[in-house]
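Asker: Model the full assembly from the supplied sequences, consistent with the hints where possible.
One line per chain: the protein sequences are Y and U, in this order. Under the working numbering, read the first sequence as residues 1 to 654, first letter to last. Under the working numbering, read the second sequence as residues 1001 to 1461, first letter to last.
In short, the hints are calculated from the structure, not lab data. Check before you lean on any hint, since a few could be wrong.
As the list claims (entries may be wrong) - Heads up, simulated SDA-like pairs for lysine to any residue below, C-alpha to C-alpha not over 25 Å straight-line: (1) Y:Lys-104 - U:Ser-1269; (2) U:Lys-1458 - Y:Ile-72; (3) U:Lys-1350 - U:Gly-1392; (4) U:Lys-1458 - Y:Asp-65.
Because the structure is a prediction, the values reported are computed rather than measured.
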Amino acid sequence: MKQIFDARRNHAETQQKTGYVPRKNATQADYDRIGFMSGLEVHQQLKTKEKLFCHCPAGIFQKADDFDAELIRHMRPTLSELGEYDGTALMEFRTRKNIIYRIKNETACTYDVDDTPPFLLNREALSHSIDLSLLSKMRVVGEVHITRKQYLDGSIPTGFQRTAIIGIEGEIQLKNKKVRLIQLSLEEDSCREVSDIGHTRIYRTDRLGMPLIETVTYPEFKNPDEVKEGADYIRFLNRSTGKVRRGVGSTRADVNVSCKGGTRVEIKGVAHNSWMPELTHNEAYRQWALLAIRDLLLKSVKDQANWKIFAREAKAKDFKLENFGVPKNPTLKVFLVNLPGFHGILSHFTQPGKMFADDFSDRLKVIACIEKPNMVHSEMFEDVVGEKAWTKVQSLLGSKENDAQLIFWGPDDDIKTALETIEERCRLAFTGVPNETRKSFEDGTTIFERVLPGADRMYPDTDSAPIPLEDDEIDEAMKRLPKLVSERVAQLIGWNVPEDTHSYLLANNLVSLLEKVQVELKVPARFTSVLLAHTLKHLEGQYPSLPDFSYEKIYELLHFLVNRKIDPVIAKAMLFHLYQHPKMDFDSILITLNFKEVTRENILAKVPYLVKKYKEIRTSHDDSAGLRWVMGNLSKQATGNMSLSELSREISFK
Amino acid sequence: MTEDIFQGYKGRSLAVLQKFNARVWAKVRVDSSRGVFEGTILPRAENTDDKHLVLKIFTGYNIGVDIQGITGITELGYKKAIYKIPEKEFPYSKDKPNVKLLGTGGTIASRLDYRTGAVIPAFSPGELYGAVPELADICNLTTEKLFAVFSENMGPDQYKKLAIAIGNEIEKGIDGIIIGHGTDTLHYTSAALTFMVQNSPVPIVLVGSQRSSDRPSSDAALNLMHAATAAAHGDIAEVMVCMFGPTSDEYGFLHKGTRVRKMHSSYRSTFRTIGDTPIATVSRQGVVPIKQDYQRRRTDRKVTILPYYEEKVTMIYYYTNMQPDVIDALVDAGYKGIIIIGTGLGHVNKPIYPAIERAIAKGVAIYMTVQTLWGYVHMFVYDTGRDLMAKGIIPAENMLPETAFIKLSWALGQTSDLAKVKEIMLTPINSEITPREPYNGYLIYQGGVPEVEEFIRKFHK
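Answerer: Structure (structure tokens):
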């Protein structure tokens, strides 16, 4: 009856009405208008030999199918201290997941799977986390209390994470502002997910229990770029101690975002800081769009308190599910659902390329465990159902003009939860932005992941005694602290080090190396910075890293050159060989490069001859071409023996 | 009684609280040499030092503040937490069996007070229903808290009270009984009840949990569901222990009360039947017998309650170079029965022979069990064994040491005629002595062997 409705057009129009601005055009005024607010929770694994509460080695990883045993657990919600069940808890319970843990003897013990109580807290990790708290200008607690924080998704076999506050109330100095920190906690890492299909979620337990810290900021970032700046700063700070892990998955941030009138939504496990601006931008606008949807529903649904979906089962054969991309499965039930007053809402803009109805599909997958594709609806961009069929659906459901419809399918056991999930999501739209955690994608969009846990999921760990932190211990830590990242940045600026190298130098904790080279070897920091952040970085991208190569090699190389009175410029060429053959001695590298020691005088003596020669063969009167020609003839010989800029000054065609 | 406003604080930390007039549950600002800390003052747990103040900060975490550096405490507010377990009325339906849960204490039915870390028992049917609503699909549950003691404090008084209470419930027509119990001494109680409650027409199921029920991964709920299933619907009318089969949340075992033992200090699957197979597995789908020779459920109410117990019975675990004075001291202290847990087939060394002779002469009943747990006492094989028997030590066959200890206490509680005691001891009531050991009654596979590893990889542990 109303297939003249153009979902694409509605999506574009609602995007415009919402006031969406693409990030490249967005200004601070746009962010102020929607009340952009963001805070960070940065997780950083610590470099320790063992895990946090047991003696398993930390940092050894397995492939997904490499395991010695599996065991199965179910998570039950437990009551909060106020006698309420936590929202996430209920959701996870409804999902009725069989959680399977894959254990490899090498990396997990009976503690990891909650069959042995915790051993004493890893002191090495505690000491690292004290350093990091002090560097974050925090107040270090007098006594560490180990707390249980409930997680019911199964990512930790106990159902809770052991975590402890080490410091509170700190700050970081960004370019233009200070951002306050709420706290720094020391906690155990969770399992890595292998798969999550239907009612079975599989985890491996290698990463489980590794020590990590979580640095939490106040929500004081006012635009997406500040979020990234803050995340970078915290990453650099963590790395400046040399006591944290590097590599894939060792740093993960949760980003909290809200807009004016929205609520805190947590974007989980953002692996790359460079994704943050787009993610936070889109999330703030997604919330803004949900508020617009709320306002529309206020008009289209009068009696929201008594609003209900209407659903009825349909014959599967009437809707060829194969046409919707579903594998043939005769046991699947098909349901038609009418959503009164939701016409025009399903295709409402939420994120670039996404619409409101996408949330149903995501929730059906996560909460009701129905694999995608799991539904079609009346406002899809490509109508796979067809006008005729929709007309039939609408008449079967007794739909009115202002209603929207969806068709979903799934196993019989999951239908009840699926219907509840659909109705619940609709009802949440009446109030605006649901409390949830969302999973991020590289394109800057997010999908529903879980209901956001409430505050009441923390309680003391009765298996562990509090650990006092004496003043002596703090004083000792103060003495070994590296310089603050903000001081390091000031140093780089003072040495006139190019700005495009800063990020690499800070991320790899190399400023102290620059300083040492400049002070001890008199090689300018500016030169070394380019050698590291351009030449070495390029090599790192091109060739695999070898265990024998370390940054210390760079110092040794420059030390060798300075001692031999060879111009450090040749280091750039040498590094190419050194990086790939870290055990090669420097003399051999010089031989490989055909380097011969020639005095400055001998090189300069060749200049007049070459100038003369150029004048004989030249085809243009441009002396700069001549300079290049002469330099080209001499530079290989000169490199290492004298400064090339000095050489070029000595070449004259006058 | 005036309320303790400094709950758990003592010595120096108490002095600081008093000095600044700060009380527990007050929201405060604490000025200290390490900076300002804000939060709610929490009660201090017992057995902790007097150097710290515990605060719950706004993020929900707890921290300790060193009292030494505290220069001031300002009260900003006050809110006392009152922890209450929500109750929901346990639904009754005519077509479901009636089950009684008798409580003794222990973690099966407890909840943590999140703020203080103290354990609060959750026990009434309403509370249990609130926590494990699935119970209502299995049976009509009523509860009675007989006492609240930790597992290690269970003893003769509790065994007798339990036996009598069980007798009363059976007479009143109950369909099954569950006993909630701490796990440490669960197998002592299960042995005691096997002897004290004989010929029961209904299942008597002892259950505990290895992980307290405040933990999302607790085994308490599933154990309770399994126990309820066995008590309400199972056909096995014996005293049984119901605990996890594998450590996975898959199925439970029903063990005979006399042949079961806690074999790991912390595993969920800690209870094992020794020298035999468990009687059955149990899941929420029902009881599946492994053995066929069990006592069937009956409709009559004929049960025999024999609540006897002699407290002057002890166990000694033999060790190399044990001296006779150990046994002499026990005899002088008036002990009437001794279970020796001997090496190998049931041996002790010669130097204690005189002490044994002296004890026997004084009328002490001495029975031999084995440290190996599996296998029979066999005292004819070596001279030492024959010597010991000649001196009057009676081999207790393949009775488990704890079971033999409970049984001897129970036997001596009925008679001091040692011949009668011997008759009681060696006449099995429910498989505490078995005539044969099946080949699969002893299975401790060792890891590392390829076929064992393959098995472990294939089946959930």
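Asker: Would you mind marking each hint as holding or not holding in the structure?
Answerer: Each hint, compared with the structure:
A threshold of 25 Å between alpha carbons decides the hint, and for Lys-104 (chain Y) with Ser-1269 (chain U) the separation of about 20 Å falls inside it, so the pair holds. Straight-line distance between C-alpha atoms of Lys-1458 (chain U) and Ile-72 (chain Y) comes to about 12 Å, which keeps the hinted pair within the 25 Å bound. Simply put, Lys-1350 (chain U) and Gly-1392 (chain U) have alpha-carbon atoms about 15 Å apart, close enough for the 25 Å limit, and the pair holds. For a cut-off of 25 Å, the pair hint linking Lys-1458 (chain U) to Asp-65 (chain Y) stands: about 13 Å separates their Cα positions.
When the structure is compared with the earlier hints, no violation turns up for any of them.
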